[in-house]
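Participant: What follows is each chain in one-letter form.
There are 2 protein chains.
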Amino acid sequence: MEKRNILLVGAGGVAHVAAHKFAQNNDLFGNTYLASRSLDSCEQVLESIERKKNYKDTSKKIQAMQVDALNIPEMIELMKYLKISITVNLASSFCNMSILEACIETGSAYIDTAIHEEPYKVCEDPPWYANYEWKRKDRCRSRSITAILGAGFDPGVVNAYAAYAKKHFFDTIDTIDIMDVNAGSHGKYFATNFDPEINFREFVKVWTWIDKKWVCKPIHSEKKVYKFPVVGKQTIYLTGHDEIHSLSKNIDANSIRFWMGFSDHYLNCFNVLKNIGLLSEKPVKTAEGLEVVPLKVVKACLPDPKTLASDYIGNTCIGDLVIGTKDGRKKKLLIYNICDHKVCYEEVESQAISYTAGVPAVATAILIARGDWDVKKMTNVEELDPDPFLDLLKNIGLPTETIETSYSRGTLKFSKK
Amino acid sequence: MEKRNILLVGAGGVAHVAAHKFAQNNDLFGNTYLASRSLDSCEQVLESIERKKNYKDTSKKIQAMQVDALNIPEMIELMKYLKISITVNLASSFCNMSILEACIETGSAYIDTAIHEEPYKVCEDPPWYANYEWKRKDRCRSRSITAILGAGFDPGVVNAYAAYAKKHFFDTIDTIDIMDVNAGSHGKYFATNFDPEINFREFVKVWTWIDKKWVCKPIHSEKKVYKFPVVGKQTIYLTGHDEIHSLSKNIDANSIRFWMGFSDHYLNCFNVLKNIGLLSEKPVKTAEGLEVVPLKVVKACLPDPKTLASDYIGNTCIGDLVIGTKDGRKKKLLIYNICDHKVCYEEVESQAISYTAGVPAVATAILIARGDWDVKKMTNVEELDPDPFLDLLKNIGLPTETIETSYSRGTLKFSKK
Chain Z
1 MEKRNILLVG AGGVAHVAAH KFAQNNDLFG NTYLASRSLD SCEQVLESIE RKKNYKDTSK
61 KIQAMQVDAL NIPEMIELMK YLKISITVNL ASSFCNMSIL EACIETGSAY IDTAIHEEPY
121 KVCEDPPWYA NYEWKRKDRC RSRSITAILG AGFDPGVVNA YAAYAKKHFF DTIDTIDIMD
181 VNAGSHGKYF ATNFDPEINF REFVKVWTWI DKKWVCKPIH SEKKVYKFPV VGKQTIYLTG
241 HDEIHSLSKN IDANSIRFWM GFSDHYLNCF NVLKNIGLLS EKPVKTAEGL EVVPLKVVKA
301 CLPDPKTLAS DYIGNTCIGD LVIGTKDGRK KKLLIYNICD HKVCYEEVES QAISYTAGVP
361 AVATAILIAR GDWDVKKMTN VEELDPDPFL DLLKNIGLPT ETIETSYSRG TLKFSKK
Chain Y
1 MEKRNILLVG AGGVAHVAAH KFAQNNDLFG NTYLASRSLD SCEQVLESIE RKKNYKDTSK
61 KIQAMQVDAL NIPEMIELMK YLKISITVNL ASSFCNMSIL EACIETGSAY IDTAIHEEPY
121 KVCEDPPWYA NYEWKRKDRC RSRSITAILG AGFDPGVVNA YAAYAKKHFF DTIDTIDIMD
181 VNAGSHGKYF ATNFDPEINF REFVKVWTWI DKKWVCKPIH SEKKVYKFPV VGKQTIYLTG
241 HDEIHSLSKN IDANSIRFWM GFSDHYLNCF NVLKNIGLLS EKPVKTAEGL EVVPLKVVKA
301 CLPDPKTLAS DYIGNTCIGD LVIGTKDGRK KKLLIYNICD HKVCYEEVES QAISYTAGVP
361 AVATAILIAR GDWDVKKMTN VEELDPDPFL DLLKNIGLPT ETIETSYSRG TLKFSKK
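Sequence lines, in order, name chains Z and Y.
Just so you know, we're using this note's numbering here: the first sequence kicks off at 1 and counts up by one.
Just so you know, we're using this note's numbering here: the second sequence kicks off at 1 and counts up by one.
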């Protein structure tokens with residue numbers, strides 16, 4: 001069977017990591033192309049791969065392409081010309097629908113790492129996937145298109161952790177608490193780890209799944225302190241997130257919640273900016289009559305997320321705390337990954353936030369190419385067998401750890417499984 | 001002697017108050033004109049005067065004029081046409097030099113309430129007045145122009161307080177601590193009491209006069225808690241301010257400092273905005289290529305200072321804490337004014353910050369018209385006899401209070417004089 005050609009769309013932090021990983025595994029594929037609006041950005045990524053000597057087969061270099069991912073005919077033309085059979089969408093999540101459409105039209109497999117967004121909507125009504133991606137399920141099935149949605153870390157690996165818990169460790173699941181903590185430090189006064197325009201859009205309201213019902217809460221209104229392995233005690237806040245919108249449908253659990261760690265300093269800066277109106281995506285007019293979107297000005301003032309990686313230290317800890325029963329016994333299991341910013345930088349000149357999102361997308365492409373996950377339909381990650389995915393991730397930089405915690409009252413005690 | 005015609009330049013918060021006060025005292029003058037870039041803004045002020053029925057002589061209404069105060073020939077033409085003999089500059093402090101020049105050319109007396117500023121310079125080297133206004137001293141004297149600089153509250157009344165202390169209460173002065181506290185509340189998350197562009201420019205660095213030397217310190221690096229009459233305990237921060245630049249030359253004191261009250265919340269918002277770069281007057285470029293000055297966007301997001309007045313409650317307390325000797329005895333005297341936001345609003349539809357700045361400028365015009373202060377030269381307020389000024393202010397809304405504080409250690413005890 002002929003090796004499959006890859007089109008990687010986007011040239012931001014996550015695409016940067018994925019390109020490195022594709023280079024490290026380029027014996028598994030045909031030709032790989034990196035395409036974005038800016039050829040310059042693509043070429044910077046390719047220079048980084050050269051600098052880190054990350055091509056496994058040095059005779060098969062990734063090629064840079066310029067494309068407008070919102071322009072479906074242009075995408076289709078490029079994909080046909082390059083004979084693409086797997087497309088990895090790591091562009092802005094505003095582009096999901098156009099890239100998916102081009103895949104359906106050209107017969108390419110499709111992978112993304114975040115839910116589709118429309119510029120003037122935020123935190124959409126649940127299940128959010130039903131508003132966009134899932135409307136294309138029928139067409140994917142009828143055309144035998146493998147489309148794997150949300151195949152980053154969260155969403156992505158945490159969805160596989162839920163399937164993994166169900167498959168190996170639990171008979172019934174009561175609660176899945178997905179917890180995402182970045183305990184690293186970039187040394188700047190304030191910065192976002194990816195595009196501030198996308199980042200802040202997550203923090204408008206919280207859709208969460210409680211007792212098999214959707215509940216909407218104000219942002220940052222519920223928090224808890226949790227003692228994580230490696231990164232220790234962290235304050236985490238109930239947040240809305242992509243994966244709840246599919247897990248609530250695909251995994252039988254009473255409650256599925258997402259928690260994100262924020263420092264007091266981050267929240268303080270965020271709240272000042274938000275309360276003053278500087279995070280608004282709606283234009284304001286200056287006294288001189290210039291129309292400008294405040295959030296775009298904040299973005300221009302903040303450090304470019306790409307520049308943070310070289311000085312980043314510390315670890316991320318992202319995982320699922322699953323509560324349920326096995327053989328009639330109550331059980332609590334944390335399934336998680338620890339990722340070290342500095343180690344990521346040494347390997348691929350990126351930080352752990354981008355690394356954890358980019359590597360699983362490449363693992364997914366490998367599983368499609370190998371056939372394990374070439375399911376010829378649209379699917380979310382938790383609907384697939386988690387074992388080959390987690391096995392592969394262990395070998396390419398994102399090992400899974402599990403800890404069963406005792407059910408004694410008071411402070412949780414961890415005991416290594 | 002013919003009554004003198006007044007030109008009031010500006011239509012912001014301070015000009016609004018001054019226009020009301022001129023209306024209340026319009027029997028003392030000839031014709032009064034209110035001129036600014038925006039005829040609309042002038043007309044809004046005049047409507048407010050009608051609404052509050054503030055004309056003493058209702059047959060002598062203030063007339064609105066449109067003028068570009070930065071355009072000297074245009075100013076001269078207008079002033080000649082209207083036969084102006086006293087000009088009160090309450091426009092942006094970027095306009096001082098052009099308005100002063102027009103006064104010198106036409107023979108009009110000149111009054112302002114803040115030091116001249118250049119758009120791309122902040123917190124200029126001391127004595128700041130020597131960089132602009134004082135360079136025109138010779139021309140004012142040779143043309144017999146009365147030019148009274150900094151005749152608002154601070155600078156202005158606090159300079160008169162220093163002269164008053166010297167004239168009546170002290171043989172020697174060691175320290176003058178000018179303290180400005182707004183203990184009022186506007187009920188908004190964050191707002192500035194006057195144009196944010198001008199407001200934030202004060203808080204870049206601190207020039208202060210210590211032991212007869214200029215010292216430069218970082219902003220907000222020194223604070224103290226002081227128990228004020230009426231408004232109680234307040235945290236005040238060492239700040240640079242206009243009046244130190246003239247008092248240090250004109251009043252024999254070892255140290256002259258300016259302190260401004262800030263709430264923790266104000267400082268927190270200020271610091272977040274500043275550290276992120278959003279208070280910068282230098283343009284940034286958005287991802288879309290739009291050049292924009294962050295501070296102008298912050299200004300567009302903040303409430304218009306004019307809209308705060310109607311809901312403002314509480315008091316301001318501004319005064320001089322003077323330490324020195326009298327008859328060989330050590331002495332500590334607080335000379336101050338309390339101004340109530342709500343009372344100001346009821347009288348002139350403004351808040352106390354604008355009220356305290358606008359009323360002294362009108363008092364100064366009255367003293368020039370009466371002859372008490374028609375000194376035919378350029379002068380700062382502390383060089384003039386404070387008695388007629390403070391007497392007049394008492395009658396038009398800004399009474400002076402004095403408290404001698406005991407010299408015991410520990411908490412200061414106030415005893416009403």
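Simulated from the structure, these hints should not be mistaken for lab results.
Check the hints yourself; a few may be wrong.
The list makes no distinction among identical chains, and a pair is therefore deemed to hold if it is satisfied within one copy or across any two copies.
To be verified - As a list, the in silico DSSO-like pairs of lysine-lysine whose alpha-carbon atoms are at most 30 Å apart:
1. Lys205 x Lys296
2. Lys326 x Lys282
3. Lys332 x Lys249
4. Lys224 x Lys83
Participant: Each hint: holds or not?
Facilitator: Hints versus structure:
1. Lys205 x Lys296: both (20 Å within a copy, 29 Å between copies)
2. Lys326 x Lys282: neither (50 Å within a copy, 62 Å between copies)
3. Lys332 x Lys249: within (22 Å within a copy, 75 Å between copies)
4. Lys224 x Lys83: Neither way: Lys224 and Lys83 sit 50 Å apart in one copy and 72 Å across, limit 30 Å.
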